[in-house]
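First to last, the sequence lines map onto chains S and Z.
When we follow the numbering used here, the leftmost residue of the first sequence carries the number 1, and every step to the right adds one.
When we follow the numbering used here, the leftmost residue of the second sequence carries the number 1, and every step to the right adds one.
In short, the hints are calculated from the structure, not lab data.
Treat each hint with caution, since some may be false.
As the list claims (entries may be wrong) - To be clear about the criterion: a stretch of chain S counts as covered by chain Z if any three or more of its residues have a C-beta under 8 Å from a C-beta of chain Z, and this derived list gives those stretches: (1) 92 to 103; (2) 106 to 120; (3) 226 to 238.
The structure presented is a predicted model; accordingly, all values stated were derived computationally and were not measured.
A virtual CB, placed ideally from N, CA and C, is assigned to each residue, including glycine.
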Amino acid sequence: MADHFAAFSFVDRIVEYDAGRRACGRYAVPAHIDAFPPCLVAEAVGQLAAWVAMAHVGFRGRPVAALANETRFRSAVAPGSTLDLAVDIESCDEHAVAYAGRARVDGTDVIELVDCLGPMLPVEEFDSPAELAARFELIRGTGAPAGRFRGVVAPRVVRTAGVPGVSASATLFVPESAPFFGDHFPRRPVFPATLLLDAQIGLAMGVATEATHWPAGTAPAPSRMTHVKIRSFMPPGAAVDIDAELIPSGPEGATIRLAARMDGKTAATARLEVVAVATATVGAHQ
Amino acid sequence: MTQAQISKEDILAVLPTVAATIADALGCDLEDVKPDASLIDDLDAESIDFLDMVFRLERAFKVKIPRGKIVENARGTLTEAEFEQNGLVTDVGLAQLRSYLAEVPPDRFKTPTKVKDIPRLFTTETFCKLVVAAQREVKAAG
Chain S
1 MADHFAAFSF
11 VDRIVEYDAG
21 RRACGRYAVP
31 AHIDAFPPCL
41 VAEAVGQLAA
51 WVAMAHVGFR
61 GRPVAALANE
71 TRFRSAVAPG
81 STLDLAVDIE
91 SCDEHAVAYA
101 GRARVDGTDV
111 IELVDCLGPM
121 LPVEEFDSPA
131 ELAARFELIR
141 GTGAPAGRFR
151 GVVAPRVVRT
161 AGVPGVSASA
171 TLFVPESAPF
181 FGDHFPRRPV
191 FPATLLLDAQ
201 IGLAMGVATE
211 ATHWPAGTAP
221 APSRMTHVKI
231 RSFMPPGAAV
241 DIDAELIPSG
251 PEGATIRLAA
261 RMDGKTAATA
271 RLEVVAVATA
281 TVGAHQ
Chain Z
1 MTQAQISKED
11 ILAVLPTVAA
21 TIADALGCDL
31 EDVKPDASLI
41 DDLDAESIDF
51 LDMVFRLERA
61 FKVKIPRGKI
71 VENARGTLTE
81 AEFEQNGLVT
91 DVGLAQLRSY
101 LAEVPPDRFK
111 TPTKVKDIPR
121 LFTTETFCKL
131 VVAAQREVKA
141 AG
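One chain only, chain Z, in its complex shape (with noise of 0.2 Å):
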């Protein structure tokens, strides 16, 4: 999922949708729904809260968006040893989530960076660009 496999327009056209898919499973005000707000730190979503919007995106989008492997696919082709070290993200796993994750402002990546915390990086953009990998899978599959 990088910047050029999913360009700015394929954002866009997505976009309002999953802002107010996001607003309505957090329950807050549709323009606190910014391209680049962090789900957990700006708008204060929770594990549970992940479920609900993948759920609701499935439905407004009739999609499919495997559970649980938002974080497994942030790791791309590296291995797990790879990617991590005793819960924290090696340097070479750090840039292959830069690259995944090009959307997100570089000063939000810490370093050492623990794997727990990868979900606090997933922004809008992060879920637009998943609905967007998900609609190109459905058109593939004919």
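Only chain S is shown next, with the shape it has when bound in the complex (with noise of 0.2 Å):
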């Protein structure tokens, strides 16, 4: 399968590894590609917690969806950098993985996990077991090339509801198709909880630049994101609607809670820190 570690895979190389419980990664940002959003740098260090955790348990399970207790964004990422990514793992056995990590580059943190948490579910759903050792072997060793992602279009998002600096609603078209779902999954095709993220901090920052209590000379940034839960998987062509409320927490901040729902069920959930920065820094945070 062509996009198999290619279209939605962020660890190029392991360089410390300490079985169970710790390791040290790399992956090179592409240059040509657009943009990487935060979301993808949290799934970098994702995955390589996933490698560790696959790698512990014989490849029998892997983490899939998650808990993300808080989600501390440093600084944006540029495209043609390299991010040097380090998980560390509290736990892991056959039922989930516990871990922190982070996402550095050139010695300065760009993203940091705090008490994470992954169930593990059978590999064999969603992936080839043979086909991940072998791959695990590969970024343990001489490393996978690098340079093959080639960036990720973003969902249709249509706004349908919201009060402008207090709520917003939409509807998230998950694509009936798309080079990551080879690789997110090859045995099931699941959109990657990291870009659901993605276009929900896209929907809450449209709720945050429209209120209207930060001081003048600022705007606001994401500065954490807490209380992420993944409570379903969203399937190729899915409609989830996407939910949106701003909480003031105070003049400088606010807290936006975030919802996603699929077939009126909760899908998942989670929670935004805006804060006001200076609005020449802003570009630096998102």
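Build the complex from these two chains, which are given one at a time in their own frames, with help from the hints.
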């Protein structure tokens, strides 16, 4: 499958490895793509943790969907950058992997993940255990060829309702087909939760930008995401209703409650905290 | 995990933190997290919420709660065959379950009880008992 380990794989090489406990890795963000949003940086950290977890259980289980108690956004990652990834595995067994991790560029933190938990599901439902094991050997050894990621076409999001500066609702249309489904996952395509979160952040930042309580000369920027909980798999073609509701937490901050529903059932929840930053530095946070 | 082993005082000592942790994990109001509230039927918890609650409680109390073993623990000393037959809890298994989950109001135990429905019986107090048991293990380990 041409897109396997290309369309949505963000660990090129594991450079340090303490089985079941810790790993450091690298990912070269292709220079030719338009953008590499924070959610994909978080995905890269999560994928490194997933490799450690899968290897720990002999590629019988893999973490799918996740709980992320806290993700701290530090700075933006430009195409052409190299991510230095690190994860510390707190615990890992056939039920779940608990971990923390971070990504750095040129020695500077760009994202931190704290208290994350991935439920382990049978690998064979999603991917070939043998192919995963072979890929793991490759990235543990000489490393995989860099630059195969071609970017992600953002899913169509249609805003349906809302009150400017207070709330917004939209429908996200998961594409019927997309290159990333070849990688996520070959045997059971699932819309990546990080792409859902990226769309939700986009909706939330729209609401935050419309809010009027920000001090002059500042604009809102995401600072951290908490309480991320993915409850359902989103298959190709799904219509996912997403909502963002802003609750000011003072003159220079706000919490935006995020929810996603599919077929009337909650599929994901999260909270995004935004802070006022000087207008000239807003881009560094996004 | 019986009432004789864990006292009401033990439960009350951890209840405020357990309730707050459950409310945070489920995104519900703290006042809804009553000691006898069924986590699934009253608070809409799903399987991922159980992982989340255990994860948060481990951090809040600095204990380890074995994931995926809550139902297994409910079996006590009974073998799997003694506890269940074809996915249904046996009579002797149900007696064990009633003893293990002594805090659960009796009318919530159905006959027959499906093994997969056992988590429906879990209440806030059940999780308090898990925490107290885990605290004792930490203490015993020195």
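Hint check:
1. Residue count for the segment 92 to 103 of chain S with a Cβ under 8 Å from a Cβ of chain Z: 5. That meets the three needed, and the coverage hint holds.
2. Only residues whose beta carbon comes within less than 8 Å of a beta carbon in chain Z count, and the segment 106 to 120 of chain S has 3; three or more means the coverage holds.
3. Counting residues of the segment 226 to 238 of chain S whose beta carbon lies closer than 8 Å to any beta carbon of chain Z gives 4, which meets the minimum of three for the stated coverage.
Checked against the numbered hints above, the structure breaks none of them.
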